[in-house]
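Protein chains: 2
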Amino acid sequence: MSASKVIAIDGMGGDNAPEAVMKGLARFAASGYYFIIFGDKSRLETLQIPDDISHEIRHTEVVVTSDMEVMSALRLGKKSSMGLAIQSVASGEAQAVISSGNTGLYMALAKIILKTVEGIDRPAIASVIPGKNGRAVCLDLGANSESDVKNMVDFAIMGEALARSIFHKENVKVALLNIGSEEVKGSRLVKKTSEILKKFLDSYVGFVEGDDFGKGDVDVIVTDGFTGNVALKTIEGTAKYIVSELKSALGSSLLAKIGAFLAMSSLSKLKDTMDPRLYNGAILVGLRGVVVKSHGNSDEIGFANAVRFTMDILNNNIFDRISEQLEKSKLHYLEEGINQ
Amino acid sequence: MSASKVIAIDGMGGDNAPEAVMKGLARFAASGYYFIIFGDKSRLETLQIPDDISHEIRHTEVVVTSDMEVMSALRLGKKSSMGLAIQSVASGEAQAVISSGNTGLYMALAKIILKTVEGIDRPAIASVIPGKNGRAVCLDLGANSESDVKNMVDFAIMGEALARSIFHKENVKVALLNIGSEEVKGSRLVKKTSEILKKFLDSYVGFVEGDDFGKGDVDVIVTDGFTGNVALKTIEGTAKYIVSELKSALGSSLLAKIGAFLAMSSLSKLKDTMDPRLYNGAILVGLRGVVVKSHGNSDEIGFANAVRFTMDILNNNIFDRISEQLEKSKLHYLEEGINQ
Numbered sequence: 005m006s007a008s009k010v011i012a013i014d015g016m017g018g019d020n021a022p023e024a025v026m027k028g029l030a031r032f033a034a035s036g037y038y039f040i041i042f043g044d045k046s047r048l049e050t051l052q053i054p055d056d057i058s059h060e061i062r063h064t065e066v067v068v069t070s071d072m073e074v075m076s077a078l079r080l081g082k083k084s085s086m087g088l089a090i091q092s093v094a095s096g097e098a099q100a101v102i103s104s105g106n107t108g109l110y111m112a113l114a115k116i117i118l119k120t121v122e123g124i125d126r127p128a129i130a131s132v133i134p135g136k137n138g139r140a141v142c143l144d145l146g147a148n149s150e151s152d153v154k155n156m157v158d159f160a161i162m163g164e165a166l167a168r169s170i171f172h173k174e175n176v177k178v179a180l181l182n183i184g185s186e187e188v189k190g191s192r193l194v195k196k197t198s199e200i201l202k203k204f205l206d207s208y209v210g211f212v213e214g215d216d217f218g219k220g221d222v223d224v225i226v227t228d229g230f231t232g233n234v235a236l237k238t239i240e241g242t243a244k245y246i247v248s249e250l251k252s253a254l255g256s257s258l259l260a261k262i263g264a265f266l267a268m269s270s271l272s273k274l275k276d277t278m279d280p281r282l283y284n285g286a287i288l289v290g291l292r293g294v295v296v297k298s299h300g301n302s303d304e305i306g307f308a309n310a311v312r313f314t315m316d317i318l319n320n321n322i323f324d325r326i327s328e329q330l331e332k333s334k335l336h337y338l339e340e341g342i343n344q
Numbered sequence: 005m006s007a008s009k010v011i012a013i014d015g016m017g018g019d020n021a022p023e024a025v026m027k028g029l030a031r032f033a034a035s036g037y038y039f040i041i042f043g044d045k046s047r048l049e050t051l052q053i054p055d056d057i058s059h060e061i062r063h064t065e066v067v068v069t070s071d072m073e074v075m076s077a078l079r080l081g082k083k084s085s086m087g088l089a090i091q092s093v094a095s096g097e098a099q100a101v102i103s104s105g106n107t108g109l110y111m112a113l114a115k116i117i118l119k120t121v122e123g124i125d126r127p128a129i130a131s132v133i134p135g136k137n138g139r140a141v142c143l144d145l146g147a148n149s150e151s152d153v154k155n156m157v158d159f160a161i162m163g164e165a166l167a168r169s170i171f172h173k174e175n176v177k178v179a180l181l182n183i184g185s186e187e188v189k190g191s192r193l194v195k196k197t198s199e200i201l202k203k204f205l206d207s208y209v210g211f212v213e214g215d216d217f218g219k220g221d222v223d224v225i226v227t228d229g230f231t232g233n234v235a236l237k238t239i240e241g242t243a244k245y246i247v248s249e250l251k252s253a254l255g256s257s258l259l260a261k262i263g264a265f266l267a268m269s270s271l272s273k274l275k276d277t278m279d280p281r282l283y284n285g286a287i288l289v290g291l292r293g294v295v296v297k298s299h300g301n302s303d304e305i306g307f308a309n310a311v312r313f314t315m316d317i318l319n320n321n322i323f324d325r326i327s328e329q330l331e332k333s334k335l336h337y338l339e340e341g342i343n344q
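Chains as they are written, first to last, in our numbering: chain F, 5 to 344; chain G, 5 to 344.
Just chain F, same shape as in the assembly (with noise of 0.2 Å):
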């Protein structure tokens, strides 16, 4: 365990675990990074990973499943695959967690064993989204069902910091989400978020509506965890329909199906472009310690992504970023009357 950056791996989380994972993680040799592996070590060991990926298996025994009573789940769970991934960046031994695991129990298992950064009450759900002129963080993603003004704010600094890791620039815009661009539109809790935002976060740019998803203008999206659930899985769902109307239409007739055959190869780049997989890895901010989701139907090329999104955010000092915003922001919550 030479090695200087070490990642806590949940090897039995996920419908396709623990096979995605391990064949995920075969792909990073050489990477100057370490791997712990927490499961089932039989299962583990029978799947084969080359010498050059540095890792060990760590052996569970506890397996949580998703038809478990919440408290059973969060007891049991603690001595879990995840619960020990996690438990290990608590201790300091790994510098961030990955799992494909159920959210829910992710989230509460991470809050209760690394707890929130000062002065964060409630982590977020943060994950990358692609548009035609580049790509945006967007958060919250659905970590929580409702939110208030101090959430909102601190959503905002925190995707600011995750921006600037994942984007590598300085320079980024940050944008709240909203029902109109006019200042005079929106929702309270909105309009209230936009005045605190533009007395100290240099970043603020103002408003954006929910065709700002497709357009990739901003760096930093920043909505409730309701409203941003919603537009993630819109989009997702909006995509499927659009792709097999395509599909349809390009098998509907033999000339069709030839021109199909002759534009495949940009064709393919195109599904590529689109693929979900790529985008895999949302990151639940806000804890004391890098916790990656990763989607629960990951096969090993989306697995792999998590692992890429978890390095990006391992080489920049994300939690200094985001206790420095923090410090400028008190001021202005005291000025409003918000409890931090």
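Treat the hints with caution; some may be incorrect.
Pairs involving identical chains hold if they fit within one copy or between any two copies, as the list cannot separate such chains.
[Unchecked claim] Within a straight-line C-alpha distance of at most 30 Å, the following computed BS3-like cross-link-like pairs (lysine-lysine) qualify: (1) Lys173 with Lys9; (2) Lys261 with Lys83; (3) Lys334 with Lys82; (4) Lys189 with Lys119; (5) Lys332 with Lys261; (6) Lys189 with Lys82; (7) Lys115 with Lys177; (8) Lys244 with Lys332; (9) Lys244 with Lys195; (10) Lys251 with Lys177; (11) Lys334 with Lys154; (12) Lys83 with Lys189; (13) Lys154 with Lys275; (14) Lys261 with Lys136; (15) Lys45 with Lys82; (16) Lys334 with Lys9; (17) Lys189 with Lys115; (18) Lys154 with Lys189; (19) Lys115 with Lys196; (20) Lys119 with Lys154; (21) Lys202 with Lys9.
I should point out that these hints are in silico values taken from the structure, not numbers from a laboratory.
Guided by the hints, dock chain G onto chain F, whose structure is given.
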């Protein structure tokens, strides 16, 4: 004016008015409908409309522009082509009004002039959204930036009546948009609304998530105006993004261009399926009269679809259906301690 059904038309609303309006109406020869077109008579008369379209033109002097102050827009608005068209529904002369003008002003004027249906506090914007397995009436798409439980239940009642009218079937499925399909998930607003709907709305089937917009498995999707507006614009943005990526993929090589040429007939059928003009027409529901909003940048095809949408609604006794369900819901509001 012997025709049985009369539609009032704002001849001046929208980016392409009055041309798009007049050309759109020219498609409705011998429709059984009579159109009263409000606007600048000299301009409207130069745009020849065939004699077999039953219509008359009524001159209006006042023009409302989008850079006016709210109060003066409202005051002047009553005398504008939009306001006088709404007025003709209030007086009973017309049964419906269509405008491509500013949504906020249209809603404000319609509320002042027509008033809401008894028992409904807040009108909603509803529209039909396509999906793989069918279309769904969705509301509220942005008339309200905040909603309470009573408003949400009203949206469900109005959505049910609309779906029955537009889809010509009695057995419709009404669903509530949430961030998970399990009962424990979601905001307090959504959970409380679901409890009440379960008690009296037989067509209520429970929660759907954002990706149901692409599926089309339910007939009505109910949500608050903030979330609904974000979802609608997210669909538009995602569709635009994918289409632009598809176009650039099909133009990226000679082979792809030839392929696209061969598949052109099928691809243009796809384009038709996706054409937002074919889904043009949103209803401001909850008002004492059928008030239809056509998209601000509608061309003649879009405007004609808004007219067809209006006729579909007029052919059904939508207001009786709403009143009947409102009556049933009253008891349950009382039980839950919600003010009607």
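Results for each hint:
In this homomeric assembly, Lys173 and Lys9 come within 30 Å of each other (Cα to Cα) only inside a single copy, at 23 Å, whereas the closest approach across copies is 62 Å. Taking CA atoms no more than 30 Å apart as the test, Lys261 paired with Lys83 passes in neither setting, with 53 Å inside one copy and 57 Å between copies. In this assembly of identical chains, Lys334 and Lys82 lie within 30 Å of each other by CA distance neither inside one copy nor across copies; the values are 34 Å within and 48 Å between. In this homomeric assembly, Lys189 and Lys119 come within 30 Å of each other (Cα to Cα) only across copies, at 23 Å, whereas the closest approach inside a single copy is 36 Å.
For the homomeric pair Lys332 and Lys261, neither the shortest alpha-carbon distance inside one copy (59 Å) nor that between copies (54 Å) is at most 30 Å. In this homomeric assembly, Lys189 and Lys82 come within 30 Å of each other (Cα to Cα) only across copies, at 23 Å, whereas the closest approach inside a single copy is 45 Å. Proximity of Lys115 and Lys177 under a CA criterion of 30 Å is satisfied intra-copy only: 29 Å inside one chain copy versus 38 Å between copies. Taking the closest pair of Cα atoms, Lys244 and Lys332 never come within 30 Å of each other, the shortest separation being 42 Å inside a single copy and 38 Å across copies.
Only between protomers do Lys244 and Lys195 lie at most 30 Å apart by alpha-carbon distance; the minimum there is 28 Å, versus 33 Å within a single protomer. In the homo-oligomer, the alpha carbons of Lys251 and Lys177 lie at most 30 Å apart only across protomers (28 Å), although the nearest pairing inside one protomer, at 36 Å, exceeds that limit. Taking the shortest alpha-carbon separations for Lys334 and Lys154, only the intra-copy value of 10 Å comes in at or below 30 Å, while the best inter-copy value is 37 Å. With identical chains, the CA atoms of Lys83 and Lys189 are at most 30 Å apart between copies only, with a shortest distance of 26 Å across copies and 48 Å within one.
In this assembly of identical chains, the alpha carbons of Lys154 and Lys275 never lie at most 30 Å apart, being 39 Å within a copy and 44 Å across copies at closest. Both within a single protomer and between protomers do Lys261 and Lys136 lie at most 30 Å apart by alpha-carbon distance, with minima of 28 Å and 21 Å respectively. Proximity of Lys45 and Lys82 under a CA criterion of 30 Å is satisfied intra-copy only: 18 Å inside one chain copy versus 76 Å between copies. When the C-alpha separation of Lys334 and Lys9 is checked against a cutoff of 30 Å, the pair qualifies neither within a copy, at 33 Å, nor between copies, at 62 Å.
Taking identical chains as interchangeable, the C-alpha atoms of Lys189 and Lys115 lie at most 30 Å apart only when they sit on different chains, with a minimum of 18 Å there against 35 Å within one chain. For the homomeric pair Lys154 and Lys189, the shortest alpha-carbon distances inside one copy (20 Å) and between copies (22 Å) are both at most 30 Å. In this assembly of identical chains, Lys115 and Lys196 lie within 30 Å of each other by CA distance both inside one copy and across copies; the values are 27 Å within and 27 Å between. For the identical chains of this complex, Lys119 and Lys154 are intra-copy neighbours only, at 18 Å inside a copy versus 38 Å across copies, given an alpha-carbon limit of 30 Å.
In this homomeric assembly, Lys202 and Lys9 never come within 30 Å of each other (Cα to Cα): the closest approach is 37 Å inside a single copy and 53 Å across copies.
When held up to the earlier numbered hints, the structure conflicts with 2, 3, 5, 8, 13, 16, 21 and fits the remainder.
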